[in-house]
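Enquirer: Sequence:
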Amino acid sequence: MIPETISLVDRQLLINQCKILSVLGDGQDKALYERRIEILEKGYTGLYQKVFNTLYEEVPISTYQEVDTILKMYSRINDSIRLLSDQDKELLDLGSLEFEGFDANNGMHYYMMSYLVDRMDEYLEYKGRELKSHTNSPLTKYNKMLQIHSEFMHLKKEHYSTTDLQKFIEAVKANME
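Under full-length UniProt numbering, the first residue of the sequence shown carries the number 1, and numbering increases by one thereafter.
Incorrect hints may have been included.
[Said to hold, decoys possible] Here are the computed lysine-lysine pairs in the DSS-like style, where the Cα-Cα straight-line distance is at most 27 Å:
| hint | residue 1 | residue 2 |
| --- | --- | --- |
| 1 | 30 | 19 |
| 2 | 157 | 72 |
| 3 | 89 | 50 |
| 4 | 30 | 89 |
| 5 | 156 | 144 |
| 6 | 144 | 173 |
| 7 | 167 | 157 |
| 8 | 173 | 72 |
| 9 | 127 | 72 |
| 10 | 132 | 167 |
| 11 | 173 | 141 |
| 12 | 156 | 167 |
| 13 | 144 | 167 |
| 14 | 156 | 89 |
| 15 | 141 | 127 |
| 16 | 72 | 141 |
| 17 | 167 | 89 |
| 18 | 144 | 89 |
| 19 | 173 | 89 |
| 20 | 141 | 89 |
| 21 | 42 | 19 |
| 22 | 50 | 19 |
[To be verified] Restraint ranges, calculated between C-beta atoms of paired labels, are given here:
| hint | residue 1 | residue 2 | range |
| --- | --- | --- | --- |
| 23 | 17 | 93 | 52 to 58 Å |
| 24 | 100 | 23 | 45 to 51 Å |
| 25 | 35 | 10 | 17 to 23 Å |
Worth flagging that the hints you see were computed from the coordinates, not collected in a lab.
Backbone N, C-alpha and C define an ideal beta-carbon position, used for all residues, glycine too.
Required output: the full structure, derived from the provided sequences and hints.
Expert: And the structure:
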């Protein structure tokens, strides 16, 4: 969030940082930092977005936790599917359990997941894959699945059986209706 006001001390600290950065940068950087210095010196609050335009809104820890839990759930589902026989796989509608990614238009979940996968090298099974959802409500689907995942977590199951996976499929299909 861009501040509506900045204390004199904070403005002076930011001005000093911009002065240092203008000396260290190239010609284009120097001009950018000089404009920021002027905005801060004159207290043009309406232009503070030009000073802070490189910062993103914070991602709440709850969003991180939700994304992380969903990805852990999917890791467990995928590991369980790999352990199934071909015959068991044919009995299940595994396509309905496919991870769809997150809606990039609603940002935070998508960008958090992308950062975890692409920059932090976590959940490598998704690296290089299209992670943007092409549906409006992947979170609704995931939250239904998380309810079942939570039940299984209390039972301390490391892998899901065919019956367990069928419960996920039924939850997803009920969500579609």
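Enquirer: Within a Cα-Cα threshold of 27 Å, do residue 141 and residue 127 meet the stated pairing?
Expert: holds (22 Å)
Enquirer: Regarding the pair residue 127 and residue 72, is the alpha-carbon distance no greater than 27 Å?
Expert: holds (15 Å)
Enquirer: Quick one: are residue 100 and residue 23 within 45 to 51 Å, going by C-beta?
Expert: holds (48 Å)
Enquirer: Within 27 Å, alpha carbon to alpha carbon, are residue 173 and residue 89?
Expert: Given that 27 Å is the threshold and the Cα spacing comes to 17 Å, the pair holds.
Enquirer: Hinted pair, alpha-carbon criterion (27 Å max): residue 30, residue 89. Please report holds or violated.
Expert: violated (61 Å)
Enquirer: Would you say the C-beta atoms of residue 17 and residue 93 sit inside 52 to 58 Å of each other?
Expert: Holds, at about 56 Å.
Enquirer: Is the straight-line distance between the alpha-carbon of residue 89 and that of residue 50 27 Å or less?
Expert: violated (55 Å)
Enquirer: If you draw a straight line from the CA of residue 30 to the CA of residue 19, is it 27 Å or shorter?
Expert: Roughly 9 Å separates the two Cα atoms, so the pair holds.
Enquirer: Next pair to validate is residue 173 with residue 141; report whether the Cα-Cα distance is within 27 Å.
Expert: Satisfied, since the Cα-Cα distance of roughly 9 Å is no more than 27 Å.
Enquirer: Tell me if the straight-line CA distance from residue 132 to residue 167 falls inside 27 Å.
Expert: Roughly 25 Å between the alpha carbons, so the hint for residue 132 and residue 167 holds.
Enquirer: Does the hinted range 17 to 23 Å hold for residue 35 and residue 10 at CB?
Expert: holds (18 Å)
Enquirer: When you check the alpha-carbon spacing of residue 141 and residue 89, does it fall within 27 Å?
Expert: Status holds; Cα separation ~21 Å.
Of the hints listed earlier, those the structure fails to meet are numbers 3, 4, in rising order.
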